[in-house]
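There are 2 protein chains.
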Amino acid sequence: MEKLFVIKIGGNVIDSEDSLRSFLKDFSAIEGKKILIHGGGKIATKIGEQLGLESKYINGRRITDDATIDLVTMVYGGLVNKKIIAQLQALQCNAIGLTGADGNIIPATKRPVKEVDFGWVGDIESSKLKVESLMLLLEAGLVPVFAPLTHDGQGHILNTNADTIASTLAVALSSLYDVRLIYCFEKKGVLESVDDDNSVIKLINKQTYQQLLNEQRLFAGILPKIDNAFAAIDAGVKEVLVGDAKDLIQNTTDKTSGTLFIQ
Amino acid sequence: MEKLFVIKIGGNVIDSEDSLRSFLKDFSAIEGKKILIHGGGKIATKIGEQLGLESKYINGRRITDDATIDLVTMVYGGLVNKKIIAQLQALQCNAIGLTGADGNIIPATKRPVKEVDFGWVGDIESSKLKVESLMLLLEAGLVPVFAPLTHDGQGHILNTNADTIASTLAVALSSLYDVRLIYCFEKKGVLESVDDDNSVIKLINKQTYQQLLNEQRLFAGILPKIDNAFAAIDAGVKEVLVGDAKDLIQNTTDKTSGTLFIQ
Numbered sequence: 001m002e003k004l005f006v007i008k009i010g011g012n013v014i015d016s017e018d019s020l021r022s023f024l025k026d027f028s029a030i031e032g033k034k035i036l037i038h039g040g041g042k043i044a045t046k047i048g049e050q051l052g053l054e055s056k057y058i059n060g061r062r063i064t065d066d067a068t069i070d071l072v073t074m075v076y077g078g079l080v081n082k083k084i085i086a087q088l089q090a091l092q093c094n095a096i097g098l099t100g101a102d103g104n105i106i107p108a109t110k111r112p113v114k115e116v117d118f119g120w121v122g123d124i125e126s127s128k129l130k131v132e133s134l135m136l137l138l139e140a141g142l143v144p145v146f147a148p149l150t151h152d153g154q155g156h157i158l159n160t161n162a163d164t165i166a167s168t169l170a171v172a173l174s175s176l177y178d179v180r181l182i183y184c185f186e187k188k189g190v191l192e193s194v195d196d197d198n199s200v201i202k203l204i205n206k207q208t209y210q211q212l213l214n215e216q217r218l219f220a221g222i223l224p225k226i227d228n229a230f231a232a233i234d235a236g237v238k239e240v241l242v243g244d245a246k247d248l249i250q251n252t253t254d255k256t257s258g259t260l261f262i263q
Numbered sequence: 264m265e266k267l268f269v270i271k272i273g274g275n276v277i278d279s280e281d282s283l284r285s286f287l288k289d290f291s292a293i294e295g296k297k298i299l300i301h302g303g304g305k306i307a308t309k310i311g312e313q314l315g316l317e318s319k320y321i322n323g324r325r326i327t328d329d330a331t332i333d334l335v336t337m338v339y340g341g342l343v344n345k346k347i348i349a350q351l352q353a354l355q356c357n358a359i360g361l362t363g364a365d366g367n368i369i370p371a372t373k374r375p376v377k378e379v380d381f382g383w384v385g386d387i388e389s390s391k392l393k394v395e396s397l398m399l400l401l402e403a404g405l406v407p408v409f410a411p412l413t414h415d416g417q418g419h420i421l422n423t424n425a426d427t428i429a430s431t432l433a434v435a436l437s438s439l440y441d442v443r444l445i446y447c448f449e450k451k452g453v454l455e456s457v458d459d460d461n462s463v464i465k466l467i468n469k470q471t472y473q474q475l476l477n478e479q480r481l482f483a484g485i486l487p488k489i490d491n492a493f494a495a496i497d498a499g500v501k502e503v504l505v506g507d508a509k510d511l512i513q514n515t516t517d518k519t520s521g522t523l524f525i526q
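Quick mapping for you: the protein sequence lines, in order, are chains R and V. Residues 1 to 263 (the numbering used here) make up the first sequence, in order. Residues 264 to 526 (the numbering used here) make up the second sequence, in order.
Bear in mind the hints are in silico, worked out from the structure with no lab data behind them. It cannot be assumed that every hint is accurate.
[Stated by the list, open to error] Here are the simulated DSS-like pairs of lysine-lysine, each with C-alpha atoms no more than 27 Å apart in a straight line:
#1 V/288 x R/128
#2 R/46 x R/110
#3 V/509 x R/46
#4 V/309 x R/46
#5 V/266 x V/518
#6 R/25 x V/373
#7 R/202 x R/3
#8 R/56 x V/309
#9 R/42 x V/309
#10 V/488 x R/25
#11 R/3 x R/25
#12 R/25 x V/288
#13 R/130 x V/309
#14 V/373 x V/518
#15 R/46 x V/319
#16 R/225 x R/238
#17 R/255 x R/238
Bear in mind that the values here come from a model prediction, so they are computed numbers and not experimental data.
Bound conformation, chain R alone (with noise of 0.2 Å):
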């Protein structure tokens, strides 16, 4: 099967001008089908502020009232995507902007109500999620760049976790490419000891990570990206790679300097 990168990208790329500068240089220089998710990075929050939103918090979690939809709206699927999609392009990358509503690509429903209602929150249905339409643009050449945004089927727009809408699209397309999902952070990868830069793990794969575990050698607070990466390559996803986005183009390589999960 051909080679497919998932690439995501959080708020510390985003954030920088020139983070973000050279790590679209750099994604753009991948040979071959890739996809990028990017997060919002703390624009939204400036421009909320700006307009006088207070973001709601509870329990530490944000909250997504109608006033936060629309500002997540303009500047993750507008400001934000379509900056990348101007640079991109400037670089002969033919990327193409999306929230999960363009083409119904990720239908989504709004969170239910429990204890606590998040608002405009969306999980994704991804038995719905449309795998043919993203193919169509692949096949054609094109790089489709996701904003974390998907939609409810029912005229709303919600807001999804970048991570999520990345590991549910590099499952849903691992049937049809070979897929490398790779997480970009701003560590080098999982490290051995949380000081030391230089200690990535560099394979991590079910048994060795059961070892880990069993010898305490890994910092709790990294314990679930690692579920999130074996969960994707239980779902068909053949590698998850965890890197610093100042490495990128070697992370698609054989020789990779972040950490590398297979089964």
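With chain R's structure known, arrange chain V on it following the hints.
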């Protein structure tokens, strides 16, 4: 050739939630291939004011400075475009939201500075339009919805008149489809008496246009719109229709209620 409707709506439809909902319901009911181009509406000005931006004008024409292009990228490319997409999806219309930067469909150049620097305003480079990307989407059953934004190929989004985008796309697609270009505005059509909404001139060809001009039966304000309509027709568009957004469905049939322009 297959029929294609290229339909432009302006601020008066965008600014009213009820008008927009009703328009989108009609738009979704049109059978066959169609493209929507939307203007911006007053919401950009409103959000700009909330952000403390002042609209700048020279000789009555708006200047798109750095802050303004970010504003319209957010509002037109994000908020307005994605709300339309989510609503169309709820109506089972498989819409995909685009700017001219997406898929490099509408390359433009920043308007050259002569007496006035209009800022980040784009003049479309018609010869470089990526008609094949647009055709790919249309042939896959997707319904492209354009915000009035293009790009300069050097990493910048540009503000571009929605009427011009509509006519340029209509012309470019006229070798592939029988295009009817529909401009929705606030009147039922070109009126013979400005004060009488029922005095719509149903059909104008070049010969009758000359007669109407000779007999001074047209309001001067409408002449640029008519000249644009004939420019599109001279460039290959089969029919141009000017009519009320409320009459959209009728204006896609043979029994139009607006003003139909033909060769």
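Structure-based check of each hint:
Taken as a hint, the residue 288 of chain V and residue 128 of chain R pair is honoured in the structure, with Cα atoms around 24 Å apart against an allowance of 27 Å. In summary, the hint linking residue 46 of chain R to residue 110 of chain R is supported, as the alpha carbons are separated by about 25 Å, within the 27 Å threshold. As the CA atoms of residue 509 of chain V and residue 46 of chain R are separated by approximately 39 Å, the hinted pair breaks the 27 Å bound. With a C-alpha separation of about 18 Å, the suggested pairing of residue 309 of chain V with residue 46 of chain R holds against the 27 Å cut-off.
Distance hint between residue 266 of chain V and residue 518 of chain V is fulfilled; the C-alpha atoms sit about 16 Å from each other, no more than 27 Å. A hinted pair counts as satisfied when its Cα atoms are at most 27 Å apart, and residue 25 of chain R with residue 373 of chain V qualifies at roughly 23 Å. Distance check on the hinted pair: residue 202 of chain R and residue 3 of chain R sit about 21 Å apart at the alpha-carbon level, within 27 Å; holds. For the proposed pair residue 56 of chain R and residue 309 of chain V, the alpha carbon gap of about 23 Å is at most 27 Å, so the pair holds.
With a C-alpha separation of about 23 Å, the suggested pair residue 42 of chain R and residue 309 of chain V falls inside the 27 Å cut-off, and the hint holds. Restraint check for residue 488 of chain V and residue 25 of chain R: the C-alpha separation of about 43 Å exceeds 27 Å, so the hint is violated. For the hint linking residue 3 of chain R to residue 25 of chain R, the alpha-carbon distance of about 20 Å falls within 27 Å, and the restraint holds. Proximity of residue 25 of chain R to residue 288 of chain V is assessed by CA-CA distance (about 42 Å); at most 27 Å being required, the pair is judged violated.
Between the alpha carbons of residue 130 of chain R and residue 309 of chain V the distance comes to roughly 36 Å, so the proposed pair goes past 27 Å and is violated. Using a Cα cut-off of 27 Å, the hinted pair residue 373 of chain V and residue 518 of chain V is violated, with the two alpha carbons roughly 41 Å apart. A hinted pair counts as satisfied when its Cα atoms are at most 27 Å apart, and residue 46 of chain R with residue 319 of chain V qualifies at roughly 23 Å. Restraint check for residue 225 of chain R and residue 238 of chain R: satisfied, since their Cα atoms lie roughly 16 Å apart, inside the 27 Å limit.
A distance of roughly 16 Å separates the Cα atoms of residue 255 of chain R and residue 238 of chain R; the hinted pair therefore holds under the 27 Å criterion.
Checked against the numbered hints listed earlier, the structure breaks hints 3, 10, 12, 13, 14; every other hint is satisfied.
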